Amino acid sequence: MGVGIEVSNLNAWYGSNHTLQDINLNIPANHATALIGPSGCGKSTFVRCLNRMHETNPVARVTGSVRMGDLDIYADAKPVEIRRRVGMVFQRPNPFPTMSIYDNVAAGLKLNGFNNRHALDEIVEKSLRNSALWDEVKDDLRKKSGASLSGGQQQRLCIARALAVDPEVLLMDEPASALDPVSTSKIEDLIFQLKSQYTIVIVTHNMQQAARVAEMTGFFLNGRMVEFDSTQKIFTNPRDKRTEDYITGRFG
Amino acid sequence: MSRVQNTLRNQWRSLADLAATSIAVLSTILVIAPLVAIFVYLIYKGASSLNLAFFTQVPKPVGEEGGGMANAIYGSAILLGMASLIGVPIGIGGGIFLSEFGRGTKLANAIRFTADVLNGVPSIVMGIAAYSLVVVPMHHFSAFAGGVALGIMMIPTVCRTTEEMLLMVPHVVREAALGLGVPNWRSVLSITVKTASPGIITGCMLAFARVAGETAPLIFTAFGNAFWSTNLNREIAALPLQIYVYAISPYDDWHRLAWAGALVLIVLIVLAVSLVRFVTSRGVLKGAN
Chain A
1 MGVGIEVSNL
11 NAWYGSNHTL
21 QDINLNIPAN
31 HATALIGPSG
41 CGKSTFVRCL
51 NRMHETNPVA
61 RVTGSVRMGD
71 LDIYADAKPV
81 EIRRRVGMVF
91 QRPNPFPTMS
101 IYDNVAAGLK
111 LNGFNNRHAL
121 DEIVEKSLRN
131 SALWDEVKDD
141 LRKKSGASLS
151 GGQQQRLCIA
161 RALAVDPEVL
171 LMDEPASALD
181 PVSTSKIEDL
191 IFQLKSQYTI
201 VIVTHNMQQA
211 ARVAEMTGFF
221 LNGRMVEFDS
231 TQKIFTNPRD
241 KRTEDYITGR
251 FG
Chain B
1 MSRVQNTLRN
11 QWRSLADLAA
21 TSIAVLSTIL
31 VIAPLVAIFV
41 YLIYKGASSL
51 NLAFFTQVPK
61 PVGEEGGGMA
71 NAIYGSAILL
81 GMASLIGVPI
91 GIGGGIFLSE
101 FGRGTKLANA
111 IRFTADVLNG
121 VPSIVMGIAA
131 YSLVVVPMHH
141 FSAFAGGVAL
151 GIMMIPTVCR
161 TTEEMLLMVP
171 HVVREAALGL
181 GVPNWRSVLS
191 ITVKTASPGI
201 ITGCMLAFAR
211 VAGETAPLIF
221 TAFGNAFWST
231 NLNREIAALP
241 LQIYVYAISP
251 YDDWHRLAWA
261 GALVLIVLIV
271 LAVSLVRFVT
281 SRGVLKGAN
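Chains as they are written, first to last, in my numbering: chain A, 1 to 252; chain B, 1 to 289.
One chain only, chain A, in its complex shape (with noise of 0.2 Å):
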């Protein structure tokens, strides 16, 4: 199942360059939320900071706290068990491309030291069963790289991955920017699927994929939160002037 997400307070930077500031918002469990606004406003930025990737860069730094149910993923836990619990998908698709299919999807698994070839075996078909991908791939599992599949199956392949370790929370950061509309449409229904039993938080530039599949958006402008509604109000009724001129296309 999946978990809220508390951020209080939170500022990040790379190097001097102040990209986050003051961030404050309750993502809901089991729910999809969007994050819109322009290129370099810092949503991905954002993204990064909810499963602590945004520290794998040396000259990165963060403040605040972020709370994961009853855990503060800053304060109580290591990186690498938490980007065990808050899975990512990427913006480009980035399947290992010396694996094989099926080595792609367990490997989150493998390279933790989970080796019951098994269990490997069942999860390995479920999270490509949940990703939509599996009925494309069944014959090739063993056969084929993960890079010989086209750019939509790579990402569906990426998902897989990342549902494999079983997290509780699935961030995307653009995952639908690189394919076409037909990968795009399959994604958003996956995206739909998907929030049942994780939670889920979408960057995108999108705004139409934004109100189609989240309940939640946030609006970024410059490195704060201008606005955090559900979509609905976001879209026909912002509050903040600087969201109408955005979603109307004034700017950005």
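Simulated from the structure, these hints should not be mistaken for laboratory data. Predicted model only: the values in this text are computed from it and were never measured. Any given hint could be a false lead.
[Said to hold, decoys possible] What follows is a list of derived Cβ distance ranges for each label pair:
1. Asn184/B to Asn222/A: 27 to 35 Å
2. Arg224/A to Ile23/B: 53 to 61 Å
3. Lys126/A to Pro170/B: 24 to 32 Å
4. Ala178/A to Thr114/B: 39 to 47 Å
5. Pro170/B to Asp180/A: 17 to 25 Å
6. Arg224/A to Pro170/B: 30 to 38 Å
[As the list claims (entries may be wrong)] Using 30 Å as the maximum straight-line C-alpha spacing, the simulated DSS-like pairs for lysine-lysine come out as follows:
7. Lys78/A to Lys194/B
8. Lys126/A to Lys194/B
9. Lys138/A to Lys186/A
10. Lys194/B to Lys138/A
11. Lys138/A to Lys110/A
12. Lys143/A to Lys110/A
13. Lys143/A to Lys45/B
14. Lys60/B to Lys144/A
[Said to hold, decoys possible] Selected chain B positions facing chain A (in silico; Cβ < 8 Å):
15. Gly179
16. Leu180
17. Arg186
Note that CB positions come from ideal geometry on N, CA and C, so glycine has one too.
Given the structure of chain A, go ahead and fit chain B onto it with the hints provided.
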């Protein structure tokens, strides 16, 4: 009017295309030609002296016809095996450090600079270095000393190609592993190095092929041996050394054997490199890249 101009331009364009293609083809031929020429000449000069005795017998004393280079072939295999045991792990380890753990640090810059300098050190100097480091303390020449000299020569090539190949692994692949909660060291070994492994193997093979033909570093270390010897603690024969000794000798029979030795050396290097490529490529899946 404009049609005429267009035709002229098109003609010029296809001429330029033809010229560029011809230059490319010509350059390719110029690259391959020396290799083919050397190989053909070696076969012409050396193939007639190749027989079973060449691979099974040790050199005959001066004045006797026949004999072979079995001891030198064996010795070269031993020396190169030892060199690889030293050069490959240290080189790959250094390359991993440069690219994954020490990037941007002063230590990494110092190591990179040292490796580049080491790469440019003449091979005879390597031989002298191994002589003073290994031969002098042990008080005698040995196969071990030769292996050390060749191994040290392999390190910079392996190290720098490993680094270059690791740097070519896309950042998103590393992020994918870290995003799954895989510890950094595990991600480096199981994902980054594995992804770069075809290039790393090429680097090892380049280094291997380069030292396989080295003569100078062996003169003060392995020294050469006219008899069959398997003792790592004693002088050992090597193909390049044997070729050198036979080639500068005044005997026609030895000259022929030297040609045959050179041919065998090249063929063995090609075989070794192909074998490694075959073995290491079997696990690679179809469709990857």
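Inset, instruction - List in ascending order the numbers of the hints, as given earlier, that are violated by the structure. - result: 13, 14
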